[in-house]
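Residue numbers (our numbering), protein chains in the order written: chain U, 1 to 199; chain C, 200 to 395.
Keep in mind the hints are simulated off the structure, nothing from the lab.
The reader is advised that the hints may include incorrect statements.
[As the list claims (entries may be wrong)] Pair ranges (Cβ atoms, derived):
{"no.": "1", "chain 1": "C", "residue 1": "VAL270", "chain 2": "U", "residue 2": "ASN192", "range": "24 to 34 Å"}
{"no.": "2", "chain 1": "C", "residue 1": "LEU221", "chain 2": "U", "residue 2": "TYR189", "range": "44 to 54 Å"}
{"no.": "3", "chain 1": "U", "residue 1": "TYR189", "chain 2": "C", "residue 2": "GLY224", "range": "19 to 29 Å"}
{"no.": "4", "chain 1": "U", "residue 1": "MET26", "chain 2": "C", "residue 2": "GLN264", "range": "45 to 55 Å"}
{"no.": "5", "chain 1": "U", "residue 1": "CYS110", "chain 2": "C", "residue 2": "GLU322", "range": "25 to 35 Å"}
[What the hints assert, rightly or not] Some chain U residues flagged as far from chain C (calculated, every beta-carbon gap over 12 Å):
{"no.": "6", "residue": "LYS15"}
{"no.": "7", "residue": "LEU24"}
{"no.": "8", "residue": "MET26"}
{"no.": "9", "residue": "VAL44"}
{"no.": "10", "residue": "TYR186"}
{"no.": "11", "residue": "ARG193"}
{"no.": "12", "residue": "PHE194"}
{"no.": "13", "residue": "THR195"}
Here a beta-carbon is modelled for each residue, glycine too, at the ideal position from N, C-alpha and C.
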Amino acid sequence: MAQALKQNFLKGIIKENPVFVMLLGMCPTLGVTSSAFNGLGMGVATLFVLLMSNIVVSLIRSQIPAKVRIPAFIVIIASFVTVVEMVLEAYIPFLYEQLGIFIPLIVVNCLILGRAEAFAAKNTLLDSAVDALGMGVGFVIALTALGATREILGNGSLFDLRFVSEDASTFILFILPPGAFIALAYLAYLFNRFTQKSA
Amino acid sequence: MKPKRRASTLANMVLVLLAITLAAGVTLGFVNQWTLEPKAAAQRARKLEALSSVLPEFNNQPVDQVVRLAVGRDSIEYYPAYMDDTFVGAAVTGYSEKGYSGNVRIMVGFEPDGTILNIAVLEQKETPGLGTKMKGESFIRQFRGQNPSGFDLRVEKDGGEVDALAGATISSRAFCEAALMAYEAYVDQQNAQPDK
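Generate coordinates for the entire structure from the input sequences, incorporating the hints supplied.
The structure is reproduced here in structure tokens:
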């Protein structure tokens with residue numbers, strides 16, 4: 001039992017990492033990861049929405065008629081996203097401003113709908129919550145790693161701590177959109193190189 | 200384990216969706232009410248922080264004495280600052296629609312004679328690493344202590360005296376335009392009501 005839960009949790013981080021293995025939720029992944037802090041913030045916001053929506057979907061899964069399950073899931077997800085948006089604006093306005101349009105766009109992150117449809121709609125509350133935590137943590141790690149890589153190369157800093165002078169020339173390309181694709185590709189390669197045993 | 204689902208009859212679908220949207224609406228209403236005050240407080244705190252970073256010491260409430268002025272397609276704000284009822288300067292916002300990506304909005308603090316004390320960037324969506332350096336000390340430094348009556352607020356490329364950011368002339372130009380707008384509004388306001 002505990003072993004199964006652990007397996008369930010770890011699969012989201014390694015074997016089925018949403019970003020590096022399943023390549024889900026690419027819009028926020030590429031869009032907001034211009035710094036490690038942004039990546040972390042987006043990851044945590046998504047983790048919260050994923051966890052709450054998985055819990056609610058799992059709780060009411062037997063009550064939802066199959067034909068209207070997608071609209072039902074979307075309403076649930078959109079509600080939690082709106083809650084996150086309002087709470088961020090009220091209590092962490094700095095992060096709210098940094099993430100901007102990408103917060104409402106969590107609604108259309110296919111990772112969240114994907115887990116609701118593929119997992120929470122068929123599994124118990126506990127399993128769904130653990131699945132969401134695993135996937136969410138995997139997402140946080142991936143976004144933070146990508147943000148950190150881009151910030152170090154593009155801005156010469158990490159979590160806003162500069163380790164080069166303000167006038168030093170850095171690979172600005174990495175903070176720009178093309179750098180997101182390049183960094184993601186290399187990180188995904190490295191990740192898979194070291195975690196996936198069978199090709 | 201095969202999931203047992205409620206059958207997809209019309210009545211079931213309507214009822215379930217109604218229940219879900221109703222619950223969502225009520226929840227959001229509550230959260231909205233609960234965050235209304237902290238949201239307003241956070242906005243006010245941000246404004247105050249910008250104000251105290253660009254103004255000399257004051258002990259009035261500039262936020263409550265704000266004057267809104269229509270300029271161009273938008274409006275700007277004029278915050279007078281007093282120390283024991285003596286006018287010590289004002290913070291004026293300025294904006295430019297010529298940013299590299301979206302509007303640039305800044306707040307400029309003036310001494311009574313129009314000398315720039317400091318500038319805070321309120322809103323910008325410029326290119327990270329290039330245009331965003333307008334928030335940096337090395338760019339803002341050159342404006343401090345300058346009086347725009349004797350300091351040409353244009354980038355050097357346009358014949359002015361502002362050293363533009365490397366690789367971000369457009370952003371620098373927008374910044375200067377916003378600063379000039381703030382200065383002109385400040386002068387107008389002083390001419391209309393001196394020391395207010």
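Checklist line | Hint check for TYR189 of chain U and LEU221 of chain C - Cβ pair distance inside 44 to 54 Å | finding: holds (48 Å)
Margin query: Just want to verify: MET26 of chain U was marked as not at the interface with chain C; is every Cβ pair farther apart than 12 Å?
Written below: holds (19 Å)
Next item on the list: Just double-check LYS15 of chain U for me: nearest Cβ-Cβ distance to chain C has to come out over 12 Å.
Entry: Holds: least Cβ distance 22 Å, greater than 12 Å.
Checklist line | Closest CB of chain C to the CB of ARG193 of chain U still more than 12 Å away | finding: holds (29 Å)
Checklist line | Outcome of range test on Cβ distance (MET26 of chain U, GLN264 of chain C; 45 to 55 Å) | finding: holds (48 Å)
Checklist line | Consistency of the no-contact label for TYR186 of chain U, given chain C and a CB cut of 12 Å | finding: holds (19 Å)
Item checked: Status of PHE194 of chain U, Cβ more than 12 Å from any chain C Cβ -> holds (30 Å)
Next item on the list: May I ask you to check that VAL44 of chain U keeps its beta-carbon over 12 Å from the closest beta-carbon of chain C?
Entry: holds (18 Å)
Check: Do CYS110 of chain U and GLU322 of chain C keep their Cβ atoms within the hinted range of 25 to 35 Å?
Finding: This hint holds: roughly 31 Å between Cβ atoms.
Next item on the list: Mind verifying the non-interface call on THR195 of chain U? Its CB should be farther than 12 Å from each CB in chain C.
Entry: holds (30 Å)
Checklist line | Beta-carbon spacing of VAL270 of chain C to ASN192 of chain U - inside the hinted bounds 24 to 34 Å or not | finding: Distance hint for VAL270 of chain C, ASN192 of chain U is violated at roughly 55 Å.
Note to self: Given a hint of 19 to 29 Å, does the C-beta separation of TYR189 of chain U and GLY224 of chain C actually sit inside it?
What the structure shows: Violated: the Cβ-Cβ distance is about 45 Å, outside 19 to 29 Å.
Checked against the numbered hints above, the structure violates hints 1, 3; every other hint is satisfied.
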